[in-house]
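Enquirer: Hey, can you work out the whole structure from these sequences and the hints?
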Amino acid sequence: MKKMILIACIGLSLGACTATERGAGVGAATGAVVGGVATGNVRGAAVGAAVGGVAGALIGNVQDQPGQCYYRDRYGRRYIDRC
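Quick note: the sequence shown uses my numbering, first residue 1, plus one each step.
Worth flagging that the hints you see were computed from the coordinates, not collected in a lab.
Label pairs and their computed distance ranges (CB to CB): (1) MET1 <-> TYR71: 45 to 51 Å; (2) ASP81 <-> ASN41: 37 to 43 Å; (3) VAL42 <-> GLU21: 23 to 29 Å; (4) ASN41 <-> ALA19: 29 to 35 Å; (5) THR30 <-> ARG78: 19 to 25 Å; (6) ILE80 <-> VAL34: 23 to 29 Å; (7) THR18 <-> VAL51: 19 to 25 Å.
Computed from a prediction, not measured in an experiment: that's the story for all the values here. Positions of the beta carbon are idealized from the N, C-alpha and C atoms, including for glycine.
Expert: Shown next, in the form of structure tokens:
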């Protein structure tokens, strides 16, 4: 029963967030797990959480801008334009 309440609280808290915040949260959690497993220590988990959070926020930010997409030019620079 406690697990069901915990899952419901997490789901409800994510439902109130913007796409950027959800992306950052999911990215940070995933990065922490991957970093912790890959290195076997807390420092790796912290670095993974930071990298995952930034990447998730960038991806979530694009979702907040309907009709906008990320592109790369031939020099590798990223820019946003209409899809």
